[in-house]
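Undergrad: Go by the hints and put chain B onto chain A.
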Amino acid sequence: MKESWKLISLISAEVSFLLTLMTYSSSSLSYIVNPLFLLPLSIVPLLRWNKNPFSFEFLTILLAIYIPEIFPSTPLYTSFINAIYFAGFDNVARYIHSILVPQPTPILPLVIALFCFSQMIEREKIQYVGVALLLSLTSYLIYPFLLLSLKSSFLLAFLAVGILAIACWMLKLD
Amino acid sequence: MMRKAGASLVKLIVYLVLFGLFLTSPELIKLAIIPAILLVLPFGVKVRVLKEEWDEKTIVGGNFSVNILIDVVGLGVLRIRHDLPEFFEVENGSNFAECIVIGRRVVKLKYTAKATKRGIYKLKDLEYEVESLSKTFVKRGVTNSSVTVEVKHRIPKIRKIKEVRGRAKSPIPGIDIAKIGVPGTDFREIREYLPGDSMKFVNWKATARRNKLMVNQYEVEGKKAVWIFLDSNPYMLHGTSVKNYLESAIEVANALAYYYTFRGHKVGLYIVGDGRIFHPDVGSRQFRRISKALLEVEGGRESFEEAVEKCKKFLLLYKPLVVVITRVERVKLDNLIKLSKVMPVQVISLKGLYEESFSGIVMEAVRRRAVTLLRSCGNCVEVDVNKSIVWW
Chain A
1 MKESWKLISL ISAEVSFLLT LMTYSSSSLS YIVNPLFLLP LSIVPLLRWN
51 KNPFSFEFLT ILLAIYIPEI FPSTPLYTSF INAIYFAGFD NVARYIHSIL
101 VPQPTPILPL VIALFCFSQM IEREKIQYVG VALLLSLTSY LIYPFLLLSL
151 KSSFLLAFLA VGILAIACWM LKLD
Chain B
1 MMRKAGASLV KLIVYLVLFG LFLTSPELIK LAIIPAILLV LPFGVKVRVL
51 KEEWDEKTIV GGNFSVNILI DVVGLGVLRI RHDLPEFFEV ENGSNFAECI
101 VIGRRVVKLK YTAKATKRGI YKLKDLEYEV ESLSKTFVKR GVTNSSVTVE
151 VKHRIPKIRK IKEVRGRAKS PIPGIDIAKI GVPGTDFREI REYLPGDSMK
201 FVNWKATARR NKLMVNQYEV EGKKAVWIFL DSNPYMLHGT SVKNYLESAI
251 EVANALAYYY TFRGHKVGLY IVGDGRIFHP DVGSRQFRRI SKALLEVEGG
301 RESFEEAVEK CKKFLLLYKP LVVVITRVER VKLDNLIKLS KVMPVQVISL
351 KGLYEESFSG IVMEAVRRRA VTLLRSCGNC VEVDVNKSIV WW
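Going down the list, the sequences are from chains A and B. Residue numbering for the first sequence follows the numbering used here, beginning at 1 and increasing consecutively. Residue numbering for the second sequence follows the numbering used here, beginning at 1 and increasing consecutively.
Excised from the complex, chain A in its bound form (with noise of 0.2 Å):
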């Protein structure tokens, strides 16, 4: 039972994995290097059974498999193309463009929370789990609404903070 966090930290691991080889599978990319010669790195989480099977290390691995999804909606992959057009591979340019297209990223919220979920249960006791999963999906939940809440109101939120900390330091004094 002690090591029970463990299980449902490496099934949480292969969830986000498999998340991520469908998304890679749905992208240009895939035509490219065959999702299947990816499955092997599904046992990264295996390898580390001793401490956290969800490790930064395995995160960065399937970071690393978004990133044909999410680059080319960043402002750096935009002056890449530029830069290789204007210095003449136009060819090159348009052929870059064509593989790495834009496309939104929805799972990846969900692989970032399960991430989360298994750092909370770390050494935990199972009781416990489903507190931490309920709260890693809720925050997955209410990210978009606040980060639209965000958007809108930056300013007024900007303005928050200020108070806030003004009142903080008042209160310290005293």
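Keep in mind the hints are simulated off the structure, nothing from the lab. Hints should not be assumed to be uniformly reliable.
Claimed, not checked - Here are the simulated BS3-like pairs of lysine-lysine, each with C-alpha atoms no more than 27 Å apart in a straight line:
| # | chain 1 | residue 1 | chain 2 | residue 2 |
| --- | --- | --- | --- | --- |
| 1 | B | LYS351 | B | LYS157 |
| 2 | B | LYS292 | B | LYS117 |
| 3 | B | LYS387 | B | LYS351 |
| 4 | B | LYS108 | B | LYS46 |
| 5 | B | LYS200 | B | LYS223 |
| 6 | B | LYS51 | B | LYS110 |
| 7 | A | LYS125 | B | LYS110 |
| 8 | B | LYS319 | B | LYS341 |
| 9 | B | LYS292 | B | LYS114 |
| 10 | B | LYS122 | B | LYS51 |
| 11 | B | LYS11 | B | LYS139 |
| 12 | B | LYS11 | A | LYS51 |
| 13 | B | LYS387 | B | LYS157 |
| 14 | B | LYS139 | A | LYS125 |
| 15 | B | LYS310 | A | LYS125 |
| 16 | B | LYS292 | B | LYS223 |
| 17 | B | LYS117 | B | LYS157 |
| 18 | B | LYS4 | A | LYS125 |
| 19 | A | LYS125 | A | LYS51 |
| 20 | B | LYS4 | A | LYS51 |
| 21 | B | LYS51 | B | LYS108 |
| 22 | B | LYS11 | A | LYS125 |
| 23 | B | LYS332 | B | LYS313 |
| 24 | A | LYS125 | B | LYS243 |
| 25 | B | LYS57 | B | LYS292 |
| 26 | B | LYS387 | B | LYS117 |
| 27 | B | LYS139 | A | LYS51 |
Stated by the list, open to error - Label-pair ranges, simulated between beta-carbon atoms:
| # | chain 1 | residue 1 | chain 2 | residue 2 | range |
| --- | --- | --- | --- | --- | --- |
| 28 | B | ARG105 | A | ILE99 | 55 to 61 Å |
| 29 | B | THR24 | A | VAL15 | 27 to 33 Å |
| 30 | A | GLN127 | B | ALA7 | 30 to 36 Å |
Beta carbons are placed, not taken as given, at the ideal position from N, Cα and C, and that holds for glycine.
TA: Frame of chain A, contents of chain B only:
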């Protein structure tokens, strides 16, 4: 205080932000909000003891029960424990509780513990820690508890102390009378006046006859006094912290004090090493006083000669039966023999904690020799600390 999960979440936030900055990806930076939500979850509790019930007194080897009701208000995972001194063992129940608190909750700590060493123990305050539900932060605190337990030695039932053969004229105080005390009505003798004598005892006829102040002396009421010397020198601590010569000596002293005080004798005590002295007195109050003092004995260094010197004035005044509880192989026998020539002395020699090694055999031989020597010129009784005290 941040916990490992909290540190991991902070690491994840930094990781996502840096990775996002490197790739100039706002999406990755936004993802840092998920662990941030878990980090800022509020937590904290207010702990208050509602009710405390416990057995205030117990005996060595006996059980006592503690029942504490705690009112907890707040949010988080609460762990609360009632630390016990090292000589206590939890027998039933638990002195630790863990639960999730959302709002208000009453936590119950109910346990039965066994005390293995005498003393007056003020149990520690209730220590608690509350963890956020996301296991990221922890706060620790203490709430007052007033549980005090008095652990006494069991008093062995002594029916009668056998007559002891020896050189002392009257070693048994039960058949002897006190040297000082309240004068009774039985006339003893006429003697010369001494400063301090009451004028009502002046025999005027005898004074006129002899031409010097003479007083009547009456037999005093009460039984003979008993003076206990309890040795608490470091060599008495041989054994374990729970079972050693000192613990047995205290048990014997307690039993003797009980036996003599409840039979009307004046009982005095001197703790050799500790330096504490209890003047001879009678009654249950004196027993309680001695019994309480015995609970607090810690030990120290002092020779038997020094101890006798300190108590000299009482010994000469009361001429009591002197009971010495010690390890005879570790004391200078000359002093005991010298004392036994002046007043009745009973030596209680403790034995039984030597190992089967060469040094153990040698020490046992030394002890036997000392016992033989003491028996030839006084009284000596052996008590095996491994056995429950069956009186001699």
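Undergrad: Against each hint, give a clear statement of whether it holds in the structure.
TA: A quick look at each hint next to the structure:
Of the supplied pair hints, the one linking LYS351(B) and LYS157(B) holds, its CA atoms being roughly 21 Å apart against a limit of 27 Å. Pair hint LYS292(B) plus LYS117(B) holds up; C-alpha atoms about 14 Å apart against a cutoff of 27 Å. Taking the CA atoms of LYS387(B) and LYS351(B), the gap is near 10 Å; set against the 27 Å cutoff, the hint holds. Of the supplied pair hints, the one linking LYS108(B) and LYS46(B) holds, its CA atoms being roughly 15 Å apart against a limit of 27 Å.
This hinted pair checks out: LYS200(B) and LYS223(B) have alpha carbons roughly 24 Å apart, not beyond 27 Å. A distance of roughly 12 Å separates the Cα atoms of LYS51(B) and LYS110(B); the hinted pair therefore holds under the 27 Å criterion. The suggested pairing of LYS125(A) with LYS110(B) holds, with an alpha-carbon distance near 23 Å, which does not exceed 27 Å. Note on LYS319(B) and LYS341(B): the hinted pairing holds, with a Cα-Cα distance of about 12 Å set against a maximum of 27 Å.
Among the hinted pairs, LYS292(B) with LYS114(B) is consistent with the structure: their alpha-carbon atoms are about 20 Å apart, no more than 27 Å. Annotation: proposed proximity of LYS122(B) to LYS51(B) holds, straight-line Cα distance about 17 Å (limit 27 Å). As the CA atoms of LYS11(B) and LYS139(B) are separated by approximately 21 Å, the hinted pair is consistent with the 27 Å bound. Distance restraint check for LYS11(B) and LYS51(A): the Cα-Cα separation of roughly 17 Å lies within the 27 Å cut-off, and the hinted pair is therefore satisfied.
Of the pairs offered as hints, the one joining LYS387(B) and LYS157(B) holds, with about 14 Å between alpha carbons and a cut-off of 27 Å not exceeded. A distance of roughly 19 Å separates the Cα atoms of LYS139(B) and LYS125(A); the hinted pair therefore holds under the 27 Å criterion. A C-alpha spacing of about 63 Å is found between LYS310(B) and LYS125(A), which places the hinted pair above 27 Å, so the restraint is violated. Taken as a hint, the LYS292(B) and LYS223(B) pair is honoured in the structure, with Cα atoms around 24 Å apart against an allowance of 27 Å.
At roughly 20 Å between alpha-carbon atoms, LYS117(B) and LYS157(B) fall within 27 Å of each other, so this suggested pair holds. Between the alpha carbons of LYS4(B) and LYS125(A) the distance comes to roughly 15 Å, so the proposed pair stays at or under 27 Å and holds. At most 27 Å may separate the alpha-carbon atoms for a hinted pair to count; LYS125(A) and LYS51(A) meet this at roughly 16 Å. Restraint check for LYS4(B) and LYS51(A): satisfied, since their Cα atoms lie roughly 13 Å apart, inside the 27 Å limit.
Under the criterion of a C-alpha separation no larger than 27 Å, the hint pairing LYS51(B) with LYS108(B) is consistent with the structure, at around 10 Å. Between LYS11(B) and LYS125(A) the CA atoms are separated by roughly 23 Å; this keeps the pair inside 27 Å, and the hint holds. A C-alpha spacing of about 22 Å is found between LYS332(B) and LYS313(B), which places the hinted pair at or below 27 Å, so the restraint holds. For a cut-off of 27 Å, the pair hint linking LYS125(A) to LYS243(B) is broken: about 39 Å separates their Cα positions.
Proposed proximity of LYS57(B) and LYS292(B) is supported: the alpha carbons are some 12 Å apart, at most 27 Å. Taking the CA atoms of LYS387(B) and LYS117(B), the gap is about 16 Å. The hint holds against a cut of 27 Å. Taking the CA atoms of LYS139(B) and LYS51(A), the gap is about 26 Å. The hint holds against a cut of 27 Å. As the Cβ distance of ARG105(B) to ILE99(A) is approximately 58 Å, the hint placing it in 55 to 61 Å holds.
Judged by the Cβ atoms, the range 27 to 33 Å given for THR24(B) and VAL15(A) holds: they are separated by roughly 29 Å. Take GLN127(A) and ALA7(B): their Cβ atoms lie about 23 Å apart, and the range 30 to 36 Å is violated.
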